[in-house]
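Chemist: With the hints as your guide, set chain B onto chain A.
Chains as they are written, first to last, in our numbering: chain A, 358 to 471; chain B, 7 to 128.
Simulated from the structure, these hints should not be mistaken for lab results. Among the clues, some could well be false.
Unchecked claim - Just the calculated beta-carbon pair ranges, DEER-fashion: (1) THR452(A) / HIS46(B): 30 to 40 Å; (2) GLY110(B) / ARG447(A): 15 to 25 Å; (3) GLN393(A) / THR103(B): 13 to 23 Å; (4) HIS46(B) / MET358(A): 13 to 23 Å; (5) ARG105(B) / ALA443(A): 26 to 36 Å; (6) ALA443(A) / LEU95(B): 38 to 48 Å; (7) GLY425(A) / LEU114(B): 18 to 28 Å; (8) ALA10(B) / GLY440(A): 31 to 41 Å; (9) ARG449(A) / LEU111(B): 32 to 42 Å; (10) THR103(B) / ARG447(A): 35 to 45 Å.
Unchecked claim - Rough simulated footprint, nothing fancy, chain A against chain B, three-plus residues with beta-carbon under 8 Å: (11) 55-67; (12) 110-118.
Every residue gets a Cβ at the ideal spot worked out from N, C-alpha and C, and that includes glycine.
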Amino acid sequence: MRLVLIGLVAGFFSALFGVGGGVVIVPLLLLVCGWQARPAAATSLAAIGITALSGVIAYALHGDVRVGYAALVGVPAAISVAGATALQQRLRTHTIELLFAAFLLGVAVWLFVK
Amino acid sequence: MTYALAIVLGLVAGGLAGMFGVGGGILFVPTLVALGLGYHDATGTSLLAIVPTVLVGTWRQSSYGNVRWRGALVLGLAAAVAAQGGVALAEALSDGTLRKLFAGLLVLVAVQIAWRARRADP
Chain A
358 MRLVLIGLVA
368 GFFSALFGVG
378 GGVVIVPLLL
388 LVCGWQARPA
398 AATSLAAIGI
408 TALSGVIAYA
418 LHGDVRVGYA
428 ALVGVPAAIS
438 VAGATALQQR
448 LRTHTIELLF
458 AAFLLGVAVW
468 LFVK
Chain B
7 MTYALAIVLG
17 LVAGGLAGMF
27 GVGGGILFVP
37 TLVALGLGYH
47 DATGTSLLAI
57 VPTVLVGTWR
67 QSSYGNVRWR
77 GALVLGLAAA
87 VAAQGGVALA
97 EALSDGTLRK
107 LFAGLLVLVA
117 VQIAWRARRA
127 DP
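Chain A on its own, in the form it takes in the complex (with noise of 0.2 Å):
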């Protein structure tokens, strides 16, 4: 099942260079599977939510978990990830892709000269 192997690759990649597993997930559900962009991301946003729950209690055993910084940039997150939301439902999916395609280019860039 090919949705199993995107998750396996996706974790994999996001334990190795700590990007997140939706650089991985969102490619591999337009390119591979086919997807439009909007269930991509939002199917990956739900998938991301188990897999950094299970990351957070792994580091947490360890003592590893900073609430309160935590909270200093996940709280303005949450806030403006509900305006980005509503945004995405208006724009055109080629739209959508294209500013995806240039984020990831970014995200290259900043992974090649870290």
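Modeler: Below, chain B alone, put in the same frame as chain A:
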């Protein structure tokens, strides 16, 4: 790095999450490192920050009917399992070379997505 800048970067990360379906960790980790956290603490803390972000994002997306729950469950569980293996392997492999290979792969993927988007109907 000031707290105000960290909040702004948090807002941007949420924007990326809503637009593209990424968790936001790509911005959270460098932000937390710049705030003075070690790389390990930053990764663990970033994962916790991702949780409310994707919860709200998933809730909003599901109200638009975009979430495929069974697919998400399969992807998420497989990724959670593989992440354990990834951590073990990350210790054993040279980081720099792999990161550049991955960066190169992302460029190819970006070109292919852009190509597909241009061909598709508006």
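Chemist: Tell me, which hint numbers fail for this structure?
Modeler: 2, 3, 4, 7, 8 and 9
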